[in-house]
Every structure is written in structure tokens, then in C-alpha cells.
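2 protein chains.
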Amino acid sequence: MATINGVNVDQLVSTIEAIKEDPGLAEFRFRASTEWIEGGHSRTRIQGFYGAGAEDTSRTEPFYLDGDEPPVLLGANAGPNAVETVLHALASCLAVGFVYNAAAQGITVESLDFELEGELDLHAFLGLSDDVRPGYKNIELTYRVESDAPREKVVELCEYVQRTSPVLDLLRNPVPVSVKLEEAGAKA
Amino acid sequence: MATINGVNVDQLVSTIEAIKEDPGLAEFRFRASTEWIEGGHSRTRIQGFYGAGAEDTSRTEPFYLDGDEPPVLLGANAGPNAVETVLHALASCLAVGFVYNAAAQGITVESLDFELEGELDLHAFLGLSDDVRPGYKNIELTYRVESDAPREKVVELCEYVQRTSPVLDLLRNPVPVSVKLEEAGAKA
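Residue numbers (our numbering), protein chains in the order written: chain A, 1 to 188; chain B, 1 to 188.
In short, the hints are calculated from the structure, not lab data.
Be a bit skeptical, because a hint or two may be false.
The list makes no distinction among identical chains, and a pair is therefore deemed to hold if it is satisfied within one copy or across any two copies.
[As the list claims (entries may be wrong)] Cut-off 27 Å, straight-line C-alpha distance, at most; resulting in silico cross-link-like pairs (DSS-like, lysine-lysine):
(1) K180 with K20
(2) K137 with K153
(3) K180 with K153
(4) K20 with K137
Keep in mind that this is a model prediction, so the values were computed, not measured.
Start from the sequences, fold in the hints, and give me the full structure.
What follows is the structure, given as C-alpha cells:
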């Protein structure tokens, strides 16, 4: 079994081959359920998803993620806030993309880390302006990589990962989000 | 002290008044640092941010968020994956917006929860297609609210929150993300 960077390269190759033969295997449906607790605090449960042609059963326990605001934003710091969590999602996505693609090319990654900063103006969130966008004005991300590959190879990999990262794509390009309000009492 | 839904309404009103007087107080800079651990696993540290005219010091300990992939995506389930985490960020953002705005209007929220599902085709991530987008094709979100407000008020609040939610905005509309690769060895 060939493992590079903790990635089973044989499995990676056979996954790619399987999807080439049956493109439907690439269709995934990820899910989350979120419950509001109090004030700015809510908790999300993540466990099952559909992918590779079946419901996944690998997670015997769910993951729980807490979101809250800091006191200056009227919360109690029970967790990072939603926009901070987006920064984590972005870096975690680029990390997977970088490390998997490095493994596929036989490149050993010694270390990989990211610093992120996002600039946000609260006027829209607080209902004080229709001109200011509610979300991030911009996000700045810095990569640091140590590997056995020559610098130009790392630059190339970094550029490739930017074209294929799901979270980078959903930030840079619009995602259709449908929002439905259920009838009260519709919860089973 | 007037508290509704766990939100200090007096503080909410005085925050809004303060920003009306000094718009610069609404400028926030959120940050995260992410370190790759192994395979699909990385860990993000979130603590300080700049906002309301100062560096925040309310968090005596950092938050840590783990990201990983499930085995079918070559990971070890050390955490939810990046795109699942985005679903959490979206719901947690809408929860804050709904509950804060309800509090400002004197509406008591008894319960609030969300179900989310996002559809994603892995062809782009795996380098098998340039036509398929890497990120979510779409996200479907369902709200469930129980409150003391009439239904039409809840519908109105739900619509208002959609116009002012930072995470919904950054999904529905493009965010400029700048990615910089530091020189190897540049880490202090």
C-alpha cells in the first residue's frame, strides 16, 4: 500500500478510475442540521451523507460544531462565529486539495499552513445600510509549504488547487441557495 | 437589562447607535490560522479579531476546529469536511440574524432549527472535468421556527435575514479571495 502524506495513493487512483467508469459515483449530497440554543449560540450536527453511490455509514458518532458571537457582537463566545468558520472551511479545503494532489504526484509535504484574514463591514448585518454587502469584502490567504519538491512545482500545485477547490469556488462564484420556511409545528 | 432570546437588547440598540455615530466601528477583520496534520486532516485556530475600533481580547482560549474527509474520500473522519462545515456556517449565521432581529422587534423565539443539504459533483476536485464546478451546485435550506409572533411576521423576518446574512451573501455573491504563496522558510 503506497501512502504519501497520509494519503493512500492506491485508493486515490482507484477512486479516480471508478469515477471515470461510472460518473454517477462523483455525485455527493452533504448535510447538516442546526439547532439554535440561546442568543448567538447554535449547534450543528453533521454525520451522514450520500456519495459514491450509497449512504455513508463510516461515522459512528456525529460531529457537533458550535457557533456563537463574541461579547462585542452580543454573544457569549460559545464557539467561533459563522464568518470565522468560513475561513476554516476555506483553509481546510485547500489543505486537502494540496496534500492529495501532492500525493498523486509523489511529492512529500513536510508542513503546510495557512493564515487567513477577512474584512467585513457590519452595516448591512445591523440593518444600517443597503449599499454595503453583508459578507466579506475580501479574504486574504497566505500559504506556507515545506516539501521535497522544487519551488516551481509547489507554485504549480498551488495554482492547480485553486482551480479545483470546492470552497474557493463557492466563495469566488455564486452558489444558488434555496431557503424554505416550514410551517410551524411541521417538525416530526 | 432587557434580554430577549438571550440577546441583550439594550446593548444591541447601543451598538447600533454607536455605529451610526462612528461608522468605522463597523469594520471588522476576522482571522484564522490552519495547520495541516496528516492526510485530509487539518486544524484551525481561531482567537483574536479586530472590530469595534480595537483588537478583541474576550477569548482567553482559542477555538480549534478540525477538518478531515471520510474514508470514501480518503480521510480518517477526524472532523467534518470543508463543504459540510460551510453548511454549518450558513445555518449558524442565519440563526444569529434571525434571533437578534427577533429580539430587536420584541419577538420571543421558542425554537429555531435548520436542515441543510448541498449537492456537489467531485469531477472537478478530482481533476476529471473542467466543465463541472468544484463547489456546490446548489444548497437547500429549510427553516423551522416556533415563536410568539404571527406567521406573517416570521416570514417577513426570514426574508429580512436573507438580505443581511453575511454567509448567505458570500455564498450567493462572489467574494474576492487573494491567495499568496510564501517563500519556503519564511515562517518565523
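Outcome of the hint check:
With identical chains, the CA atoms of K180 and K20 are never at most 27 Å apart, being 35 Å at best within one copy and 33 Å at best between copies. When the C-alpha separation of K137 and K153 is checked against a cutoff of 27 Å, the pair qualifies neither within a copy, at 31 Å, nor between copies, at 31 Å. For the identical chains of this complex, K180 and K153 are inter-copy neighbours only, at 15 Å across copies versus 46 Å inside a copy, given an alpha-carbon limit of 27 Å. Taking the shortest alpha-carbon separations for K20 and K137, only the inter-copy value of 20 Å comes in at or below 27 Å, while the best intra-copy value is 38 Å.
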